[in-house]
Amino acid sequence: MQPRHIVYLGLLLTACTNSTQTTSQKSSNKCDSVGRKESIQGTKKINIEKVDTISKTTDLTKKETSVNSAEVVHLFDGDVLDKLPKFTFNTITKSEFFSDEKIPTLITDRTKTKSTDSSFTVATAKAKLKFNKEYNKNYSKRDGLSWTDYHGFFDELKLYVLSSNYITEGLEFSSMFFIDSTTNVRYELTSQFDEGYQVPLLSPNNKFMVLYANVIATRESENSFIGVLKISDTDNVRHYKEFAGFTSTKWNIESVIWINETSFALKINRPKYSGDKIINNYSYLKATLPMSR
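Every letter in the sequence shown is one number past the one before it in numbering that gives the first Met the number 0, and letter 265, counting from 1, is 264.
No lab work stands behind these hints, which were simulated from the structure alone. Wrong hints could be hidden among the right ones.
[To be verified] Across the chosen pairs, the derived CB separations fall in these ranges: (1) 234 <-> 71: 12 to 22 Å; (2) 193 <-> 231: 23 to 33 Å; (3) 155 <-> 254: 19 to 29 Å; (4) 98 <-> 167: 38 to 48 Å; (5) 167 <-> 191: 13 to 23 Å; (6) 71 <-> 98: 36 to 46 Å; (7) 248 <-> 171: 21 to 31 Å.
[Stated by the list, open to error] Derived lysine-lysine pairs resembling DSSO-like cross-links, with alpha carbons at most 30 Å apart: (8) 129 <-> 113; (9) 249 <-> 285; (10) 93 <-> 249; (11) 85 <-> 276; (12) 266 <-> 276; (13) 111 <-> 82; (14) 157 <-> 113; (15) 229 <-> 266; (16) 111 <-> 93; (17) 206 <-> 93; (18) 285 <-> 240; (19) 111 <-> 229; (20) 113 <-> 125; (21) 111 <-> 240; (22) 271 <-> 249; (23) 266 <-> 93; (24) 285 <-> 157; (25) 125 <-> 285; (26) 266 <-> 285; (27) 240 <-> 129.
Just so we're clear, the structure is a prediction, and the values are computed from it rather than from any experiment. Glycine included, C-beta positions come from ideal geometry on N, C-alpha and C.
Please model the entire structure based on the sequences and the hints provided.
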């Protein structure tokens, strides 16, 4: 028969081992739940994650409080682009392009923001979000800097339009994003190029949004991407989903205008080169949405 103190020690060691395993399992399960990405809208995957916002309060006059989580939706990710329906393009004249021009509905003044010399703040129904401004104009000392640009507010959608920027090794990179002022959801717009998207344009009835991005023109290629988001409304909450897109390796996009709810026009450039001189070569296209979707 074993001495009592040895039996007791064995039971104690067993209990400690089980406790350690249980704690490890809990920690592992917690990590799994944090890292998991949700799948929504049927079988289509939209990358959703949680990120930290700056502060939480709905009143800009109140003191900023602790960091809070916000939902982020990624749009135009690489795995989505190849599956998007394309547009139907037809050539139009310059006069047709300008006669169809619609006035953008983006409110570009800063009445929706509160600014200081180094930062600005926008308010949503759930949080107050603070961003750094571009503050260093000394281009020789800007490497490693990052800041956010405020482009405006779509009042019809209650949507802020912003872009994040950073400089590394002398190169500037940009990425556009939206913030829904009602839900506090942040929509990150993935660009294929170093430059982010240009400011988007709403369709006449606010059912679609067109946006485009260009690669810096070179002698080798003139690459661009143009995409359309479909805007839906469920229980007074708006949702944005990739609807159509097209990547060109032959021209850059100068500007875009809506013609009606199902078509828009593009001013494109196929530049020519004479020695070191670039000669612009503009033309105009009408794009029709794939309305069979």
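Hints and how they fare:
A hinted range of 12 to 22 Å holds for the C-beta pair residue 234 and residue 71, which are about 21 Å apart. Separation of residue 193 from residue 231 is about 31 Å and conforms to the stated range, judged on CB atoms against 23 to 33 Å. Remark: the range hint 19 to 29 Å for residue 155 to residue 254 is upheld by a beta-carbon distance near 21 Å. Here the CB-CB span from residue 98 to residue 167 is close to 44 Å, well matched to the stated 38 to 48 Å.
Between residue 167 and residue 191 the C-beta distance comes to about 19 Å, which sits within the given range of 13 to 23 Å. A hinted range of 36 to 46 Å for the beta carbons of residue 71 and residue 98 is consistent with their spacing of about 40 Å. Residue 248 and residue 171 have their C-beta atoms about 23 Å apart, which keeps the hinted 21 to 31 Å range intact. As the CA atoms of residue 129 and residue 113 are separated by approximately 9 Å, the hinted pair is consistent with the 30 Å bound.
For the suggested pair residue 249 and residue 285, the alpha carbons sit about 16 Å apart, so the restraint of at most 30 Å is met. A distance of roughly 19 Å separates the Cα atoms of residue 93 and residue 249; the hinted pair therefore holds under the 30 Å criterion. Between residue 85 and residue 276 the alpha-carbon distance is near 34 Å, which puts this suggested pair outside the 30 Å criterion. Annotation: proposed proximity of residue 266 to residue 276 holds, straight-line Cα distance about 21 Å (limit 30 Å).
Proposed proximity of residue 111 and residue 82 is contradicted: the alpha carbons are some 37 Å apart, above 30 Å. Distance check on the hinted pair: residue 157 and residue 113 sit about 17 Å apart at the alpha-carbon level, within 30 Å; holds. The straight-line distance between the Cα atoms of residue 229 and residue 266 is roughly 22 Å, inside the 30 Å bound, and the hint therefore holds. Distance restraint check for residue 111 and residue 93: the Cα-Cα separation of roughly 36 Å exceeds the 30 Å cut-off, and the hinted pair is therefore not satisfied.
This hinted pair checks out: residue 206 and residue 93 have alpha carbons roughly 26 Å apart, not beyond 30 Å. Restraint check for residue 285 and residue 240: satisfied, since their Cα atoms lie roughly 22 Å apart, inside the 30 Å limit. Distance hint between residue 111 and residue 229 is fulfilled; the C-alpha atoms sit about 25 Å from each other, no more than 30 Å. Straight-line distance between C-alpha atoms of residue 113 and residue 125 comes to about 16 Å, which keeps the hinted pair within the 30 Å bound.
Note on residue 111 and residue 240: the hinted pairing holds, with a Cα-Cα distance of about 26 Å set against a maximum of 30 Å. The straight-line distance between the Cα atoms of residue 271 and residue 249 is roughly 12 Å, inside the 30 Å bound, and the hint therefore holds. Of the pairs offered as hints, the one joining residue 266 and residue 93 holds, with about 8 Å between alpha carbons and a cut-off of 30 Å not exceeded. The suggested pairing of residue 285 with residue 157 holds, with an alpha-carbon distance near 29 Å, which does not exceed 30 Å.
In summary, the hint linking residue 125 to residue 285 is not supported, as the alpha carbons are separated by about 41 Å, beyond the 30 Å threshold. Taken as a hint, the residue 266 and residue 285 pair is honoured in the structure, with Cα atoms around 9 Å apart against an allowance of 30 Å. Of the supplied pair hints, the one linking residue 240 and residue 129 holds, its CA atoms being roughly 27 Å apart against a limit of 30 Å.
Violated hints for the displayed structure, listed by number in ascending order: 11, 13, 16, 25.
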